Structures are given as C-alpha cells and as structure tokens.
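K.L.:
So the chains spell out like this:
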Amino acid sequence: MASRFRSREALTGYAFVLPAVALFAIMGLYTVGYGLALSFARWNGFTPTWTWVGLGNYLDLIYRDPAIAPVVQGAALRTLVVMIAVPVLTVLVSFPLAAALNHITRLRSTFRTVFFLPQVTAGIALFYAWTYALQPDGSLNYILRHLGLGSIAQPQGWLGNPGTALPTLIVVMVLGSVPVAMLLYLTGLQSIDQSVLDAAKVDGAGGLRAMTSIIWPLLLPITGAVVMLNLRFALQDFQTFLLMTNGGPGGHTLVLGLESYNLAFVSGFKPTLGLSSALGWILFVVALLLAALNLRLLRSRA
Amino acid sequence: MKARVIVYALLTAYAVLSLYPFLLMVSGALKDAAEIRLDGHLIPSDPTLSTLARTWNELHFFTYFGNSLIVTGLTTVGVLVVYSLAGYAFAVLRFPGRRVLYGMFLALLFVPGITMLLPVVILQQKLGLIGTFPGIILPFVNGTAPLSIMLLTNSFRVVPAELKESARCDGAGELRTFWSIYLPVGRPALITIALLTAVPTWNEYVLTRVSLNNAAQYTLPLALQNLNSSTSPQENVLMAASLIIVIPVIILFVLLQRYFVNGLQGAVKG
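Keeping their order, the protein sequence lines are chains W and Y. Throughout the first sequence, residue numbering follows our numbering, covering 157 to 458 in sequence. Throughout the second sequence, residue numbering follows our numbering, covering 486 to 755 in sequence.
Hints are supplied without guarantee of correctness; some may be wrong.
Said to hold, decoys possible - Just so you have them, the derived chain W footprint on chain Y, three or more residues with Cβ under 8 Å:
1) 533-543
2) 571-580
3) 719-730
Stated by the list, open to error - Derived, one-sided and incomplete: chain W residues facing chain Y with beta-carbon distance under 8 Å:
4) T168
5) G184
6) F202
7) L253
8) A256
9) H259
Since the hints were made in silico from the structure, they are not lab data. From a predicted model like this one, the values you see are computed outputs, not experimental measurements. Quick reminder that beta carbons are idealized off the backbone N, C-alpha and C, glycines included.
Please model the entire structure based on the sequences and the hints provided.
P.N.:
Structural data, given as structure tokens:
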C-alpha cells in the first residue's frame, strides 16, 4: 500500500518537473554538448561537414595561430584588467554609499530607488545615452569645459581615445553593478547588533575607527559575495563593449567574450565557429574555477 | 551636524550621477534636429514633443513596443508556469533523482551566456525557429531556470505540511493542492520571479540581435540599434527611442521595488 502511494507521488513529481526538464534537455544539455563538440572542429556554418581538429582550436587560441593568438592574448589581458577593476571599484563605491544610506532616515528609500535605476535599465538604451554623453561634443566634455576643467576634456571623445576608452567602459560597468552591492551592504549593516557599536563607542572608537576596525571586518562575507558576483559579471559581460565601442578604437577595448562573439557572428565564411566555441569553453572553465575557489574560501571561513 | 551634511552631499552627488543618463534621454528627446547638433547643453531652448511623436508613429516604435510586450509577456508567463510546477515538485514531492535534477538546474548558473549563444542559434536553425518569437522565448525561459527554481523551491518549502495534509483530507488532488494552497502562499516569490524575468527580457539585445532578421519583428532594443546603424543617426531620435524603452521599466521598478529587492537578496543568499 505504502509503496504504491510513493510510486504515485514519484510519478506526479516527474510530471511536474517534465516541462522544465524537457526545455533544459533541449536548450541546455543539447546546446552545451553541441558547443563542446564544435570546439574540437573547424566549421564556417555553411559547409555540410565539420573538420575535426582535436585540441587544435584551443592551441590556436592560446599560442599557435599567429593571426589569432596575439589578439586573444591582448583580449585576455584586458579581461583581466576589467576583472580586477570592476570588483574593486564596486566595493570602494558601494560600501561608503551603503554606510551613508544607513546613516540617514529621511529620503533613504528615495535615494535607494534612484541608485537602482542604472541597474534595472541596464541595456542598449542606457549604453547609448552614455555613448552620447561621452562623444567629442557630448555633454561630459561640455560640462568639464564650463567648469574650467577643459584640460581634462577629451577632444576625440572618451570612447574614441585609446587611452580612456577601457577605463570609461569600466566606470559604466561599475555604475551598473554598484546598486546590488550597495543593497547587500545595506542589509549587512542593518543586521549588525547595535550593542557591538555601543561597546566600541564606550571604548572611545570614533565613527571612522568603528567603521574600519569593527564594521568592515564584520561585513567581510558580504564583500566576498560582492567580489564574486562582479568577477563573474566582468568575465562574462560583453554587451557593454559590443554596444558602446564594439572593441574599438583599434581593438583597445576588445575582451574575450566579444572576441568569441566576433568569431561566431561576424567572421563571414571563415571557418571560425569552432574557435568561438573553444573560447566560450575557456571562459566556462575560468568561471568554474572561480566558483570552486569561492566555495573553498567559504568553507575555510566556516 | 557637519557629518550629516557630508553624508547628504555624497548621496546627492551619486544620485545625480545615477540620473544623468536619464536626464540626457529626456533632454535629447525634447530637442529638435537642429538643436541636438549644437553642443552638449542639457536644457533644451525650445522643448518639443515632436521627436517623441515621430519616433512613436512614423518610425513604428508602437509596433516594436508591441513586439517587446509579446516576447516579454510570453517569456514571463512561461517561466511562471514551468518553474512553479518544478519548484513544487522539488519542494514537496519525493521522487528518485530529485537532488540530481535540482543540482543540474543550478549548474546552469555557471555556464556563461556566450558559451551557449552560438549553439542556441544553430539549434534555432535546425528547428526552423530562427527569426521567430518562440525561437528566442524558449532559450529566455530556460535561462531563468536556476534562479526561478531556487527561489520558488525555497518559498514553497516553508509552507507548513499541515496545510497540505488538510487539503488532502478534503480530497484535493496534487494539482488542486498546488493551485489553491501553494501558489497563493508563494505569491510574493512569483511576483519577484516575474519581475526578475520581465526586466532583463525587455532589455535583452544579444540573442535577439542574432536571431531575429525581419524588421517587422524587431523588439525595442533591436529597433534602437537599427536606428543607430542607419546612414545618418539623429541623436534626438535615439534619445527619444531610449526613453520609450526605459520608461516602462522605471515605472515597474518604482511600483514593485519591494519584490525586486527581496528577489535580489534571495538570489545572492541562495
């Protein structure tokens, strides 16, 4: 009797997960498997058959192909810069913002709403507005000149000057990632026991002192989560680059994700689809390594 | 007192920075074709609504708006149906392989979008779905699986078992219990999932760009990109089109902020 009921419950269970699993099998497992297979082949998307090359694509990307490897290495370096700069800057901006927000009561929710707008609207519209502001005769140069800071203004435009393009894109990315980080810090700050802070005050610790020696250490797990989230974002995001500079000027903002996109969708009849897949899998492995590292850090802390 | 002034100054400065692109959209959209070419001044000398009207009517943004509504609406409904069923199974029912399946869905979180992009497009071609709405809606739905399953399973887990037992005693079947007990209790989580699905889908550009090829089917982001790549893009029109894209999101966010914030916190903790 009991086992009959159980098997019935199991059948119901399978019926309930069936739509999700079916979709996952086609859109997830199949595509991932297909992409992995393609990363070992050469194909331009039009010929009927693939040419198997084993690990050839991976080797070409990393060092072997004189036309592609240097491009990939440059893109890897820029991706690394983005992966360092975005998490660090996000923490440096969002922590003080959260502390400031936690300090006030009036207008707190208004400020929070306004701060979130660049996050929820992240996409082509927002990127075009920034691009418009950063043009040679755009609003940012206009403001700088009117503030008497014309020497900082960029006559080629902020995205047109090879020296400022990547830092400018990093700032736009940070603006998009600060809201969630700020929210996490704010939640953390609100969960700190007031008695801990009172004790610090009795011991003569001032505001800034309490902030650096008590609050910051207590919120380290949140900093860990913020860094992790943004490492993943910095590794994977290429939409900002595609829409604002498309890798330019002269390849100075080409990152790995964008290079993989280019190899897949703007390579014409060249057989680079396998290379694109292989690059996607390299990114996947890096993402996995980061996740494993994160898990390890969490465990060692516990 | 002095500290408070500094705090408010800091917050106001960052608020201005956050609002800056939206001010530009409003300012640009209100300028005419001649004034937009002058320089980067913010206040239009002779504000006009004609740019917005022209973008909406003559440039067919009402059609693109409709396309975006269809894609976003169907994706959101699909996510709610598929993953509330799955979340119920994972939270309430016992069946062999439950943990493995759950783990499999969460593992999807680690696959970068670019790794999936090309195989998804090739699959669309094979299924004859390239250039169709289902061709982009199905991968959109699947893409939300990790987060949706996690949040919904967690929210269904906290429903007291007695509620389920009492429904059983009243003779309710599994679907009935799911519909009349679990869905109402999970309402906040469902709204959160709806928002966390609808907003990124509304903004989605990359997969749509490589899938849709017929201008009559363009969603708003694609229509905006198309305007920009035309021979002589006009900034006032671009800003008007951008405004048309962001206004619905801003309204949705301001109205339902609570659910949004809860979801983001839950997503990171989970």
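K.L.:
Does each hint hold? Answer for all of them.
P.N.:
Checked hints:
1. Residues of the region 533-543 of chain Y with a Cβ under 8 Å from some Cβ of chain W number 0, which does not satisfy the need for three, so the listed coverage is violated.
2. Check on the region 571-580 of chain Y: 7 of its residues sit with their Cβ under 8 Å from a Cβ of chain W, so the three-residue criterion for coverage holds.
3. Check on the region 719-730 of chain Y: 7 of its residues sit with their Cβ under 8 Å from a Cβ of chain W, so the three-residue criterion for coverage holds.
4. Contact between T168(W) and chain Y, as hinted, is supported at the beta carbon level, the nearest pair being about 5 Å apart and thus within 8 Å.
5. Checking G184(W) against chain Y by beta carbon gives a least distance of about 6 Å; that is within 8 Å, so the hint holds.
6. Nearest Cβ of chain Y to the Cβ of F202(W): about 11 Å, over the 8 Å cut. The hint is violated.
7. The restraint placing L253(W) at the interface with chain Y holds, with a minimum CB-CB distance near 6 Å, inside the 8 Å limit.
8. With a least beta-carbon distance of about 5 Å to chain Y, the hint placing A256(W) at the interface is held under the 8 Å criterion.
9. The beta carbon of H259(W) comes within 5 Å of a beta carbon in chain Y, closer than 8 Å, and the hint placing it at the interface holds.
Checked against the numbered hints above, the structure violates hints 1 and 6; every other hint is satisfied.
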